[in-house]
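One letter stands for each residue in the lines below.
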Amino acid sequence: MSPIMLEVQSVSVAYGQRLALRGLSLRLDAGSVLGLIGPNGAGKTTLIRAISGVVPIGSGRILAAGRDLALLRPAERARLVAVVPQAHNLPAAYTVWETVLLGRTPHLNWLGQILPKDEARTEWALRRAQALELADRPIGELSSGEQQRVLLARALAQAAPVLLLDEPTANLDLQYQVKLMELVCDLAHREGLAVLAALHDLNLMARYADRAALLVQGELCAEGTPAEVLDAEVLSRAYQLPVQVLPGPSGAPLVVPAATPSSHMT
Amino acid sequence: MKVQPYLVASALLVAALMLSVAVGSVYIPPGTLVRILVGERDLPVAFTTIVLELRLPRTALVALVGAALAGSGAAYQGLFRNPLADPYLIGVASGAGLGAVLALSVRWPYTLAGLMAVPLAAFIAALLTVVVVVSLARSGRALPAANLILAGVAVGAFATALTSFLMLRSQGDLRRALVWLLGGATLSGWLYFLAALPYVGLGLVTLVFSGHPLNVLQFGDEQAQQLGLPVARVRMVVIAAASLATAAAVAFSGVIGFLGLIVPHLIRLVWGGDYRRLVPLSILMGAAFLLAADVLARVVLAPQELPVGVVTALAGAPFFLWILRRSRKQEYW
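Chains S and H are the protein sequences, given in the same order. Letter 164 of the first sequence, counting from 1, is numbered 219 in the numbering used here, and no numbers are missing. Letter 73 of the second sequence, counting from 1, is numbered 76 in the numbering used here, and no numbers are missing.
So here's chain S without its partners, still in its complex pose:
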């Protein structure tokens, strides 16, 4: 059995009066992809922000590689947990190389010197994310699919054992969605990364995730293999929409909204 890389232990997070996460517990194994699903506002992004230390947690604790993240300095935390954010508002003038080099931030000495090992890791990360040929281009000129791979490369340059992805396929065309998810799976399975990916697309999750977790209103509603979690009854209740789960062509289940009277009226 793979070692547990990340443990979320009854974590609650509040934004003012509103509880965004309510006593959530999850674990993430090395070498596997956990697909995090749930309707908008369920707390997927909040969970990623809590693990990466951007929002403070109210109660509970989060361990990465056995260490309590709340007790670590920012750089120590970033050496354990890397985040791939959505590609919004990136400073357009930076080149891909300059951007990915920023992933080395938690490894630099106090003078901020870039050493040959940092450049070597940056190059490796770019190659691994299939973005090496973009190295000299300004990120503002790239397509969103390419930008997303650059941000993935930046996270890989961090050399952290835990990788968090926030809706990595949100603005991507189908071809880029598939390419990115295949890359992410390959990284988990071949490099042994523990990957947590918040995903909108249930079918993409079903096809690529090793395990699945369903969040509803800040609580864990179901957890298991994608086939176990993608249960028509559970999903219908979670998304407040009747859905059907069909056997998909590739073996992964396929989730479709159930036919309703109104859908015939167009």
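No lab work stands behind these hints, which were simulated from the structure alone. Keep in mind that a hint or two might mislead.
[Stated by the list, open to error] Taking beta-carbon pairs under 8 Å as the criterion, some of the chain S residues facing chain H (in silico):
| hint | residue |
| --- | --- |
| 1 | Ser107 |
| 2 | Gly108 |
| 3 | Val109 |
| 4 | Pro129 |
| 5 | Ala130 |
| 6 | Ala133 |
| 7 | Arg134 |
| 8 | Val138 |
| 9 | Glu153 |
| 10 | Leu163 |
[Claimed, not checked] Ranges of calculated distance between the beta carbons of each label pair, as one might list FRET restraints:
| hint | chain 1 | residue 1 | chain 2 | residue 2 | range |
| --- | --- | --- | --- | --- | --- |
| 11 | S | Ala130 | H | Ser142 | 26 to 32 Å |
| 12 | S | Pro171 | H | Arg144 | 35 to 41 Å |
| 13 | S | Pro171 | H | Val208 | 50 to 56 Å |
| 14 | S | Gly121 | H | Tyr9 | 43 to 49 Å |
[To be verified] Which residues of chain S face chain H? A partial, calculated answer using Cβ under 7 Å:
| hint | residue |
| --- | --- |
| 15 | Pro140 |
| 16 | Leu157 |
| 17 | Thr160 |
| 18 | Pro161 |
| 19 | Leu166 |
| 20 | Pro312 |
In this text, a Cβ means the ideal position worked out from N, Cα and C, and glycines have one as well.
Since the structure of chain S is already known, use the hints to place chain H on it.
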């Protein structure tokens, strides 16, 4: 590291330094000038005095001030993620000027220690100004670009008005001494340069080493935190360093606007926005640029001198408007 930008910037700086020493109301033949600079002493005393005791210290001070203003301008732009930030436009320079005048109007012992207290007062006032401007400009967690400039201009105008009041109320020596605040580096003598050097040096060295953190900050606070940057600490260090350099510059040369805006932008256009390059290049080019402006200020109405701030504002204000239009379109920022 790409060497070429540094060679170009250094060459321009050397050219500006030589120009600044060569040009003045008294014509000194180039040959004589070189012989004075390399240390020959069997030359007319008037010439050696003019070069070594008037032009050289002034040149050194102007270069130092240019380096400080452009270097801290680049840092403020990175810190606030705002293409329009400049020590003058965000009000810090005027705040520092007020601090300097307050310190001077208390008592002004003309010694190195006495002189060094002035930038310190300017520094404290500059930090207070940053705090006031940022808290006025903030809207929720965001710091909109236009708000920062509006708050900066308003606070700066207030500080300038108080400064003018203090200056007009003062008499005699103090009044004469305060005229530099109009933005002319007419103070000369090595003492001023020496008094400013440690502050500007400390501030600028810190900023040069902040290039990588400033790059990280361009991706927003959230990503910066996730990349392991201690965001709050970095902000404090950069604000302190940039304000220290600005304050020392203002304390000895007055309020000179727009330099911190023009220079980093020109460098960005030519060599890109990587702060590891941008900050040191701004420092070199800032020195060169202000020297050139100062030469211009000396010759346009010779034998009268224009305050150098007039030259930088004439060049800088149209430039500001141009950036304002460009930055709306998000073309290269």
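We went through each hint and held it up to the structure:
The interface hint given for serine 107 of chain S is met, as the beta carbon of that residue sits about 5 Å from the closest beta carbon of chain H, less than 8 Å. The closest approach between the C-beta of glycine 108 of chain S and any C-beta of chain H is roughly 6 Å, which is under the 8 Å cut-off, so the hint is satisfied. Among the interface hints, the one on valine 109 of chain S holds; its C-beta lies about 5 Å from the nearest C-beta in chain H, closer than the 8 Å criterion. Below 8 Å, beta-carbon pairs count as interface contacts, and proline 129 of chain S has one with chain H at about 5 Å; its hint therefore holds.
Interface restraint check for alanine 130 of chain S: the shortest CB-CB distance to chain H comes to about 4 Å, inside 8 Å, so the restraint holds. With a cut of 8 Å, the hint placing alanine 133 of chain S at the interface with chain H holds, because the nearest CB-to-CB distance is about 3 Å. Taking 8 Å as the C-beta cut-off, the interface hint given for arginine 134 of chain S holds, the closest approach to chain H being about 7 Å. Look at valine 138 of chain S: its Cβ gets to within about 4 Å of chain H, closer than 8 Å, so that hint holds up.
Satisfaction of the interface hint for glutamate 153 of chain S is found here, the shortest Cβ-Cβ separation to chain H being roughly 5 Å, below the 8 Å cut-off. The closest approach between the C-beta of leucine 163 of chain S and any C-beta of chain H is roughly 7 Å, which is under the 8 Å cut-off, so the hint is satisfied. Range check, alanine 130 of chain S to serine 142 of chain H: Cβ separation about 31 Å, and the 26 to 32 Å hint holds. About 38 Å separates the C-beta atoms of proline 171 of chain S and arginine 144 of chain H, a value consistent with the hinted range of 35 to 41 Å.
Checked against the given bound of 50 to 56 Å, the beta carbons of proline 171 of chain S and valine 208 of chain H, roughly 25 Å apart, lie outside it. A C-beta distance of roughly 46 Å is found between glycine 121 of chain S and tyrosine 9 of chain H, which places it inside the suggested range of 43 to 49 Å. Contact between proline 140 of chain S and chain H, as hinted, is supported at the beta carbon level, the nearest pair being about 6 Å apart and thus within 7 Å. At a threshold of 7 Å, the smallest CB-CB gap from leucine 157 of chain S to chain H is about 5 Å, leaving the interface hint in force.
For threonine 160 of chain S, the interface hint holds, the least distance from its beta-carbon to any beta-carbon of chain H being 4 Å, beneath 7 Å. Evaluation of the proline 161 of chain S hint against chain H yields a held restraint, the C-beta minimum of about 3 Å falling below 7 Å. For leucine 166 of chain S, the interface hint holds, the least distance from its beta-carbon to any beta-carbon of chain H being 6 Å, beneath 7 Å. With a cut of 7 Å, the hint placing proline 312 of chain S at the interface with chain H is violated, because the nearest CB-to-CB distance is about 33 Å.
Against the hints set out earlier in the document, violations occur for numbers 13, 20.
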